[in-house]
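Read off the chains here:
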Amino acid sequence: MVQRGAGFAFVDHTADIGVHAWGTSVGETFEQAGLALATLMGATSPAASGRPHVIRAEGPDLGGLLVAFLNELVFVCETADGVGVAALRVTHLEPRWLEAVVHLAQAVPAADGLAVKAATYHRLHVVEHEDGSAEVRVFLDV
Amino acid sequence: MDVERIDAFSWRVPVGTVDGMRVPGIVFGTEALIRQAVDDRAVLQVANVATLPGIVGASMAMPDIHWGYGFPIGGVAAFDAAAGGVISPGGVGFDIACGVRLIRTDLAWETEVRPKIHELVAALGRETPRGTGTGGRLRLSRAALLRVLRDGVRSLLERGIGEDTDMRLCEDEGVLADAAPEEVSERALIRGAGQLGSLGAGNHFCEVQVVDEVLEPVAANVMGLFAGQVVVMIHCGSRGLGHQVCTDHVASMDRVMRPLGIEVPDRQLACVPLGHEAARRYLGAMNAAANFARANRHVLGDGVRVAFEEVFGRSARDIGIRLVYDVAHNLAKMEEHEVEGRRRMLCVHRKGATRALGPGEPSLPEDYRSIGQPVLIPGSMGTASYVLVGAAGAAARSFASTCHGAGRSLSRTQAKRRIDGHELARQLEEQGIVLAPASWKLLAEEAPFAYKDVSEVVRACEGAGLTRTVARLRPVGVVKG
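Taken in sequence, the protein lines are chains B and G.
Counting in this note's numbering, the first sequence tops out at residue 148, every number present.
Counting in this note's numbering, the second sequence tops out at residue 485, every number present.
Calculated directly from the structure, the hints in this document are not laboratory data.
In this text, all values refer to a predicted model and were calculated from it rather than measured experimentally.
Hints may be right or wrong, so weigh each one.
Footprint (simulated), chain B over chain G, 3 or more residues, beta carbon under 8 Å [unchecked claim]: (1) 18-26; (2) 248-255; (3) 411-422.
Note that the Cβ used here is the ideal one computed from N, Cα and C, for glycine as well.
All chains should be modelled from the sequences, with the hints used to inform the complete structure.
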C-alpha cells in the first residue's frame with residue numbers, strides 16, 4: 007500500500023490517534039491519510055478494484071479540506087457495512103474543494119477495526135513543499 | 005509549566021500561562037494526578053480554554069483530566085451569553101451525551117448470580133449489539149427516529165419499551181425539551197438509523213457488577229443499593245449520530261467564527277457567541293443527539309431485562325430490576341449559577357465531566373432530592389466503578405461538576421505493547437471477571453493499567469468537596485464494545 011515517496015504512520019496520543027501522511031503531491035498525501043483512516047477502521051479490502059463511490063468535500067483551506075475529506079470517508083466506511091476501501095484516488099483538487107473516487111469491495115472479515123468518531127482540527131498540520139510534495143498530521147477521535 | 009497549589013485537592017493555572025487567558029485555570033486532583041496532567045499537556049489545554057470569549061470564573065478540570073483535542077478530557081467551562089460567551093461543540097465532544105446508566109437488581113452475588121455468571125454474560129452479550137458500524141436492537145423508520153430525537157426516552161415508553169421509572173430516574177427525565185431534530189443533518193440520521201440500542205466500541209461496556217462496599221448507607225439505601233447485590237452498568241453514547249452532529253457543527257463554526265474575529269489557540273476549540281444563529285442550531289442538534297444517547301442506553305437497558313429474565317426464569321419486576329440513574333458526561337447545558345455574588349445564566353460545557361447537583365436541588369427527581377444527584381463513575385474492566393452523590397459545595401466550587409471516570413494514562417499503542425487480548429482475558433478470568441469482548445485485539449487497548457487509578461480520582465473529588473462516595477462496585481462480568 008505504501009509507495010515510494012508516499013505513505014503514512016500513526017502518531018501516539020493518550021486518548022486518541024494521530025495520522026502522519028506524506029506524498030509527492032497534496033492529492034497523493036490526502037489519499038495516504040484516507041488509507042490510514044480506512045486501515046484504522048479495519049475497512050480496507052484486498053480486492054484490486056471495486057464499486058466506485060464519489061466523495062466530494064469542501065473546506066475553508068487545505069487543512070479544513072483534509073478534515074472534511076476524512077470525515078466523508080468516516081461516513082462511507084461506517085455506513086457501508088462489511089465493505090472496505092480497495093483503492094482511493096483524489097481526482098480533482100482545488101484549494102477549497104476536492105473530489106475523490108473510493109473503490110469499495112468486500113472487506114477482510116475482522117472485528118478489529120477501531121470505531122473512528124471523526125477527524126479533528128486538533129493540532130492539524132498541512133505542509134506543501136516547494137517541489138509539490140506534501141505532508142499532513144491530523145488527529146482522529148477514536 | 006507551573007501550577008500553584010490552592011489546597012490539598014485544587015491547583016491554579018495562573019493567567020498568563022498562555023497568551024490571552026481571560027480567567028485562571030483550576031484543576032482538581034492530588035499532587036500525583038496533577039503532575040501526570042502537566043506532563044500530558046492536558047493542563048495547557050485548560051489554559052487554552054481560558055482564552056475563549058465570555059468564560060466566567062475559571063477554566064476547570066476534574067481529577068481524571070487527560071489530554072483531549074481542543075478541550076481537555078475532564079474539562080468544565082461556563083460561558084455567559086450576556087458577556088459575549090460562546091458555545092463550542094469541541095467542548096462537548098464527538099460522543100454527545102455519552103454517559104452511564106446503573107440498573108439495580110434484588111439478586112445476591114454469592115448465592116444467586118455467581119453460579120450462573122457465564123450464562124448471564126453470554127445472554128447479555130447476545131442482547132447487546134456492539135463493535136463498529138450498524139446493527140442496534142431497534143431499527144427505526146425515519147419518523148420514529150425523529151420522534152426519538154425530539155422526545156427521547158418518552159417516545160420509547162410509548163412503544164412499550166421500558167418502565168415509567170426509567171424516565172423519572174433519568175437525568176432531565178430522559179428528554180431535553182429544546183431538541184431540534186430539524187438541525188440534525190441527513191448524514192447524521194443515516195448514521196443513527198440502525199444504531200439505536202448498540203454499545204459501539206472503545207471504552208464502552210455493559211458490566212455485571214457487585215456492590216463491594218457501601219460507604220454512605222443512607223444514600224445507598226435511598227438508591228436501593230446494598231452490599232453483595234448485583235447491579236448492571238452501561239457506558240455508551242450517541243453513536244454515529246452524535247459524532248456526525250459534532251462533525252457538522254465544528255466545521256460550521258470553524259467557518260463562521262473567522263469573520264466574527266474570534267481567534268482560538270487550537271482550531272478544535274471553534275466556537276460562536278451564544279446568541280448567534282449557528283449556536284442556536286448547534287444547541288438544538290446537540291439536545292436531539294442527547295435524547296438519542298439516553299434512548300440508546302434505555303434500549304440497551306431493556307436488553308438487560310430480557311437477559312436476566314432468560315437466565316433466571318423470572319420476570320424483571322420479580323428480580324427487582326430498576327433504574328438507579330442515568331447521567332451524561334459529555335454535554336453543554338444552560339444552567340443558573342452564582343458567580344461573583346450574582347446569579348447568572350451560563351452555558352456550562354462538561355467534556356468528560358459529570359453534573360453533580362447537591363442535596364435539595366429542585367430539578368432532581370423527588371426520590372433523590374434529600375441525598376443529592378447520583379453520579380456514576382465507570383471503572384476500566386478490571387477495576388472498581390463508583391456511585392457518588394453531588395456535594396452541597398459543588399455548585400460554588402465547580403459549577404456543580406465532578407469527574408467522569410478514571411481517564412487514560414497510556415495510549416492504545418502503549419497498552420497493546422504490554423499485553424495481548426487473550427492474556428489480558430486470562431488474567432481477568434483469574435480475578436473472577438468473565439469477559440465477552442467484541443474484539444481480542446481491541447480488548448488489550450482497554451487494559452485496566454492503561455487508565456489512572458479510579459479510586460484516587462474519586463478520593464480527590466471527595467477531598468475537593470465535589471462529591472461524596474456512596475458505594476464501590478466491582479466487575480464480575482464484562483460485555484465489551
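Ascending list of hint numbers which this structure does not respect: Those not satisfied come down to hint 1.
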